[in-house]
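*Asks:* One-letter residues, chain by chain:
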Amino acid sequence: GENVEQHPSTLSVQEGDSAVIKCTYSDSASNYFPWYKQELGKRPQLIIDIRSNVGEKKDQRIAVTLNKTAKHFSLHITETQPEDSAVYFCAAEEGSASKIIFGSGTRLSIRP
Amino acid sequence: DSGVTQTPKHLITATGQRVTLRCSPRSGDLSVYWYQQSLDQGLQFLIQYYNGEERAKGNILERFSAQQFPDLHSELNLSSLELGDSALYFCASSTRTGGTGELFFGEGSRLTVL
Numbered sequence: 001g002e003n004v005e006q007h008p009s010t011l012s013v014q015e016g017d018s019a020v021i022k023c024t025y026s027d028s029a030s031n032y033f034p035w036y037k038q039e040l041g042k043r044p045q046l047i048i049d050i051r052s053n054v055g056e057k058k059d060q061r062i063a064v065t066l067n068k069t070a071k072h073f074s075l076h077i078t079e080t081q082p083e084d085s086a087v088y089f090c091a092a093e094e095g096s097a098s099k100i101i102f103g104s105g106t107r108l109s110i111r112p
Numbered sequence: 113d114s115g116v117t118q119t120p121k122h123l124i125t126a127t128g129q130r131v132t133l134r135c136s137p138r139s140g141d142l143s144v145y146w147y148q149q150s151l152d153q154g155l156q157f158l159i160q161y162y163n164g165e166e167r168a169k170g171n172i173l174e175r176f177s178a179q180q181f182p183d184l185h186s187e188l189n190l191s192s193l194e195l196g197d198s199a200l201y202f203c204a205s206s207t208r209t210g211g212t213g214e215l216f217f218g219e220g221s222r223l224t225v226l
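Sequence lines, in order, name chains A and B.
Quick note: the first sequence, position 96, residue 96 per my numbering, numbers continuous.
Quick note: the second sequence, position 76, residue 188 per my numbering, numbers continuous.
Bear in mind the hints are in silico, worked out from the structure with no lab data behind them.
Worth double-checking, as some hints may not be accurate.
No farther apart than 30 Å at their CA atoms in a straight line, the calculated lysine-lysine pairs in the BS3-like style are these [stated by the list, open to error]:
| no. | chain 1 | residue 1 | chain 2 | residue 2 |
| --- | --- | --- | --- | --- |
| 1 | A | K22 | A | K42 |
| 2 | A | K22 | A | K57 |
| 3 | A | K42 | B | K121 |
| 4 | A | K57 | A | K71 |
| 5 | B | K169 | A | K37 |
| 6 | A | K68 | B | K169 |
| 7 | A | K22 | B | K169 |
Computed, partial: chain A to chain B, Cβ under 8 Å [as the list claims (entries may be wrong)]:
| no. | residue |
| --- | --- |
| 8 | P44 |
| 9 | S98 |
| 10 | G103 |
| 11 | S104 |
| 12 | G105 |
Beta carbons: idealized from backbone N, C-alpha and C, even for Gly.
Start from the sequences and build out the full structure, keeping to the hints where you can.
*Replies:* Structural data, given as structure tokens:
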């Protein structure tokens with residue numbers, strides 16, 4: 001089955017700087033890779049996703065890149081703001097089943 | 113508001129007991145997923161249903177079971193509870209049978225086993 005590894009587990013960046021979170025996956029048949037943000041005490045919410053037929057996708061300050069050959073994908077947040085502080089989860093859809101498997105999460109803190 | 117409703121929001125019970133968590137998906141969504149989130153842990157996939165049928169299973173314990181009813185609401189039953197079952201249980205729904213679409217999460221049911 002699919003296994004998703006996520007690094008780093010914690011990340012602290014200065015406000016205004018960029019943050020990068022990296023994930024690897026094991027199932028070469030996976031084609032869908034979403035990212036979720038979970039604020040403290042809240043439910044996870046989708047912030048961006050990418051499918052295997054594209055290598056990069058941007059939405060304002062957030063971008064995701066995908067390297068299918070290497071089986072890794074990354075989340076990039078530019079010009080970080082205090083409201084970006086949260087736990088971020090990468091995920092992958094297991095190719096042969098209907099599962100969305102999540103990484104272990106990255107706790108991002110933005111220093112003022 | 114995601115449109116996914118979970119009840120109860122909080123539940124405190126004792127070891128050995130049985131509880132039922134309920135989830136009502138967004139209107140029109142046929143898929144329901146259950147995830148377990150322990151303290152400072154990730155989201156562990158438990159099980160997925162589509163239009164009343166089980167579609168995928170994760171590392172769900174034998175003491176746990178779930179079902180999706182004709183009206184598409186779902187219940188997660190946890191029995192012979194242990195201290196380690198204390199966690200936040202999320203239900204999520206989506207429109208598609210596969211995962212190629214956004215999961216809409218409920219607010220979660222926080223289970224505390226004493």
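*Asks:* Verify the proposed pairing of A/K68 with B/K169, using a straight-line Cα cut of 30 Å.
*Replies:* At roughly 25 Å apart (the allowed maximum being 30 Å), B/K169 and A/K68 satisfy the hint.
*Asks:* Are A/K22 and A/K42 close enough, with their CA atoms no more than 30 Å apart?
*Replies:* This hinted pair holds, its Cα atoms lying about 23 Å apart.
*Asks:* Taken at face value, is the distance from the CA of A/K57 to the CA of A/K22 at most 30 Å?
*Replies:* Satisfied, since the Cα-Cα distance of roughly 15 Å is no more than 30 Å.
*Asks:* Under the criterion that the straight-line Cα-Cα distance not exceed 30 Å, is the pair A/K57, A/K71 satisfied?
*Replies:* 16 Å, holds
*Asks:* Given A/S104 as an interface hint, is its Cβ closer than 8 Å to any Cβ of chain B?
*Replies:* 4 Å, holds
*Asks:* Does B/K169 lie within 30 Å of A/K22 when you go C-alpha to C-alpha?
*Replies:* 26 Å, holds
*Asks:* Return the status of the interface hint for A/P44: holds when the least beta-carbon distance to chain B is below 8 Å, violated otherwise.
*Replies:* 5 Å, holds
*Asks:* How about A/G105: closest beta carbon in chain B under 8 Å, or not?
*Replies:* Holds - the Cβ of A/G105 comes within 8 Å of chain B, reaching about 5 Å at its closest.
*Asks:* Does the closest beta carbon of chain B sit nearer than 8 Å to the beta carbon of A/G103?
*Replies:* Given a least distance of 6 Å, the restraint on A/G103 holds.
*Asks:* Under the criterion of a CB-CB separation shorter than 8 Å, is A/S98 in contact with chain B as hinted?
*Replies:* This interface hint holds because 4 Å falls under the 8 Å limit.
*Asks:* Between A/K42 and B/K121, is the straight-line Cα distance small enough, at 30 Å or below?
*Replies:* 12 Å, holds
*Asks:* Between the alpha carbons of B/K169 and A/K37, is the straight-line distance 30 Å or under?
*Replies:* 24 Å, holds
Of the numbered hints stated above, none is contradicted by the structure.
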